[in-house]
Amino acid sequence: MTVGMIPKWRWVNELNESIPLLSGQRAMKREIFEQVPEDLRKGYQIEEALNYYCQTNDQRVKTIDLDGIEHLQKIPKSNFLSGLKGYFKMIWQVAKIFVVMRFVRIFKFLIGTG
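First residue of the sequence shown: 1, per the working numbering; consecutive thereafter.
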């Protein structure tokens with residue numbers, strides 16, 4: 001799987017290796033996408049679900065810079081309150097799936113399957 005990073009925001013993921021690799025720009029084989037359970041393919045949680053699948057199934061993940069690409073943030077796309085609501089929704093979905101995937105990893109380790 002290849003994750004395209006907008007160079008302006010790349011530092012966010014480089015700050016801490018334990019945060020989910022988030023971009024919204026990915027290229028992968030269809031089989032990888034289809035291996036993620038359907039209920040995890042909604043909203044922002046798909047990013048962490050794809051990260052987890054690749055990490056636990058020895059799939060290579062490569063990041064590339066998407067030079068010349070700009071990303072319009074949520075607040076300029078709409079009004080301030082609507083954009084802020086969108087940010088909170090995104091943060092909640094990413095945090096929730098991040099915690100769930102960590103518990104799954106711990107559980108698999110404890111029962112000896114991971």
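Keep in mind that the hints were calculated from the coordinates and are not lab data. It should be emphasised that the depicted structure is a prediction, and the values quoted were computed from it without experimental measurement. The beta-carbon is built from N, C-alpha and C at its ideal position, and this holds for glycine as well. There may be inaccurate statements among the hints.
Straight-line alpha carbon distances no greater than 25 Å define the calculated PhoX-like cross-link-like pairs of lysine-lysine that follow [stated by the list, open to error]:
| # | residue 1 | residue 2 |
| --- | --- | --- |
| 1 | K108 | K77 |
| 2 | K108 | K89 |
| 3 | K62 | K77 |
| 4 | K29 | K62 |
| 5 | K108 | K8 |
| 6 | K42 | K96 |
| 7 | K96 | K108 |
| 8 | K89 | K29 |
| 9 | K29 | K85 |
| 10 | K29 | K77 |
| 11 | K42 | K62 |
| 12 | K85 | K96 |
Label-pair distances were calculated between CB atoms; the ranges are [as the list claims (entries may be wrong)]:
| # | residue 1 | residue 2 | range |
| --- | --- | --- | --- |
| 13 | I32 | R102 | 25 to 31 Å |
| 14 | G24 | N57 | 18 to 24 Å |
| 15 | G24 | R60 | 15 to 21 Å |
Status of the hints after comparison with the structure:
{"no.": "1", "hint": "K108 with K77", "in the structure": "violated, 41 Å"}
{"no.": "2", "hint": "K108 with K89", "in the structure": "violated, 29 Å"}
{"no.": "3", "hint": "K62 with K77", "in the structure": "violated, 29 Å"}
{"no.": "4", "hint": "K29 with K62", "in the structure": "holds, 13 Å"}
{"no.": "5", "hint": "K108 with K8", "in the structure": "violated, 37 Å"}
{"no.": "6", "hint": "K42 with K96", "in the structure": "holds, 13 Å"}
{"no.": "7", "hint": "K96 with K108", "in the structure": "holds, 18 Å"}
{"no.": "8", "hint": "K89 with K29", "in the structure": "violated, 28 Å"}
{"no.": "9", "hint": "K29 with K85", "in the structure": "violated, 33 Å"}
{"no.": "10", "hint": "K29 with K77", "in the structure": "violated, 31 Å"}
{"no.": "11", "hint": "K42 with K62", "in the structure": "holds, 23 Å"}
{"no.": "12", "hint": "K85 with K96", "in the structure": "holds, 16 Å"}
{"no.": "13", "hint": "I32 with R102: 25 to 31 Å", "in the structure": "violated, 21 Å"}
{"no.": "14", "hint": "G24 with N57: 18 to 24 Å", "in the structure": "holds, 22 Å"}
{"no.": "15", "hint": "G24 with R60: 15 to 21 Å", "in the structure": "holds, 20 Å"}
Checked against the numbered hints given earlier, this structure breaks hints 1, 2, 3, 5, 8, 9, 10, 13; the rest are met.
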